[in-house]
Structure formats: structure tokens, C-alpha cells
Amino acid sequence: DAGITQSPRHKVTETGTPVTLRCHQTENHRYMYWYRQDPGHGLRLIHYSYGVKDTDKGEVSDGYSVSRSKTEDFLLTLESATSSQTSVYFCAISGVSGNTDTQYFGPGTRLTVL
Amino acid sequence: AQKVTQAQTEISVVEKEDVTLDCVYETRDTTYYLFWYKQPPSGELVFLIRRNSFDEQNEISGRYSWNFQKSTSSFNFTITASQVVDSAVYFCALSENNQGGKLIFGQGTELSVKP
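Sequence lines, in order, name chains A and B. For the first sequence, our numbering assigns the number 114 to the last residue and increments by one with no breaks. For the second sequence, our numbering assigns the number 1115 to the last residue and increments by one with no breaks.
These are computed hints drawn from the structure, not numbers from a lab. Check the hints yourself; a few may be wrong.
[To be verified] List of simulated lysine-lysine pairs, DSS-like, C-alpha gap at most 27 angstroms: (1) B:K1114 / B:K1070; (2) B:K1016 / A:K57; (3) A:K11 / A:K57; (4) B:K1038 / A:K11; (5) A:K11 / A:K70; (6) A:K57 / A:K70; (7) A:K70 / A:K53; (8) B:K1016 / B:K1114; (9) A:K57 / B:K1003.
Bear in mind that the values here come from a model prediction, so they are computed numbers and not experimental data.
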């Protein structure tokens, strides 16, 4: 299994508070992704990174920001959490030989915004 | 625009039955990649298979097999002699070339295998 961890695994927060989720990998992979999973929608891409300090938006990026200052860490920040951001968040990595390689997923973070 | 459709929201079978999960995709690219992932009740996402658009050979791995047909834009997944441990949500996904590896997921099919 790919070495991917996510922290925290569960979080309950209140509307309007900032939240940061962390994805950490030990595989030295170039590409990292953040997805959210909601019933009826499968997984949808929020942001992705193709290298240190190189990031781009995905399908549902509004209300989220990301940062990648080291190869191994990719942070997802909700500047001011809303109830619509209650979801399960998955981080993924890829990139042994290209950006269309298989993505391997972390264990997920369940976020509840009250 | 790219899209993945898994029309079967839920499927219920009895153990040892064969079951096919359907996946239909839309893309304008000639180079693309298709994937299947399994999400068991524990919640993690497990990679099952990756197939590129130039390889239409069907693949078999134990009780699992995949049928890729470009003519119908389908990439169906069959489980032979299903087992209770196959109970999970299965996702089909599409990645287009030169798109940063972004995966477009279908909505998922929840498979329940009853003893």
C-alpha cells in the first residue's frame, strides 16, 4: 500500500471557523490531489498539485485553498467552514512515471461543520 | 466534456451469483485512462484496475473481469461467483491525457452480496 496518511481522521467544527486538513506521503510522488466524497456525487476534485508550490483548481474549488511547501505534504484549508463543506475528504497521490498514473488514496477525513 | 455514468445505484445479489457493474464514459480525447476502485464498508478506496484507451483487451484477475468496448464507450466490471466480502461501493473513473491526472468519477454502484 502507498504510504499516505491524513490528519485529522475526524473533525467536528462550527460554521465560520478555519479548518486545515493535512495529507502526508512517504512515496516521494510528484502529484497530489484533494477530493471530496458526497452521496450521489462520487468523488469530486477540489485542488491538485503537480510539484512543490505548484497547484491548480479542480471542479469544486470554491471555498478551499491549498498549499504544498514540501513534496511530502499537501494541505487543504477551509478559510471559513460552511455546512455545505460537511463531507469526507480524500487525498490521493500519483506520479511514478507521469500524471496519468494510478492514483492511490489516503484513508480519508470525515469533516462535520455544524 | 468528460463524464462517467454508473446507472446502477444499488445492486443486491445472493452469494455465488455473477454480477456485472456498468460504466459508460464520455470524452473527446483519443488518449485516456479508465479505472475501477472499490470502497468497502471500512471506507478506504482500493485500486482495482487501470486501462488505457489503446488497449481494448479484456482482463481477468481471479473472479474479477473487465470488458472495455470503445465502440460503446463502456468499461464494465464483472464479478464471478460473488462473495460476501465483495460487498462494497464500486467506482468507475476516467482520466484524460494532459489534464494533470484529474480523475472524473462516476456516482458509484453499491453492491450488496447476501449469504
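Hint-by-hint comparison with the structure:
1. Restraint check: the Cα-Cα separation between K1114 of chain B and K1070 of chain B comes to about 33 angstroms, which exceeds 27 angstroms; the hinted pair is violated.
2. Straight-line distance between C-alpha atoms of K1016 of chain B and K57 of chain A comes to about 44 angstroms, which puts the hinted pair past the 27 angstroms bound.
3. The hinted pair formed by K11 of chain A and K57 of chain A meets the criterion: a straight-line CA distance of about 24 angstroms does not exceed 27 angstroms.
4. Note on K1038 of chain B and K11 of chain A: the hinted pairing holds, with a Cα-Cα distance of about 24 angstroms set against a maximum of 27 angstroms.
5. With a C-alpha separation of about 24 angstroms, the suggested pairing of K11 of chain A with K70 of chain A holds against the 27 angstroms cut-off.
6. Between K57 of chain A and K70 of chain A the CA atoms are separated by roughly 19 angstroms; this keeps the pair inside 27 angstroms, and the hint holds.
7. Among the hinted pairs, K70 of chain A with K53 of chain A is consistent with the structure: their alpha-carbon atoms are about 8 angstroms apart, no more than 27 angstroms.
8. For the suggested pair K1016 of chain B and K1114 of chain B, the alpha carbons sit about 9 angstroms apart, so the restraint of at most 27 angstroms is met.
9. Between K57 of chain A and K1003 of chain B, the direct Cα distance comes to roughly 18 angstroms. Compliance with the 27 angstroms bound is thereby established for this hinted pair.
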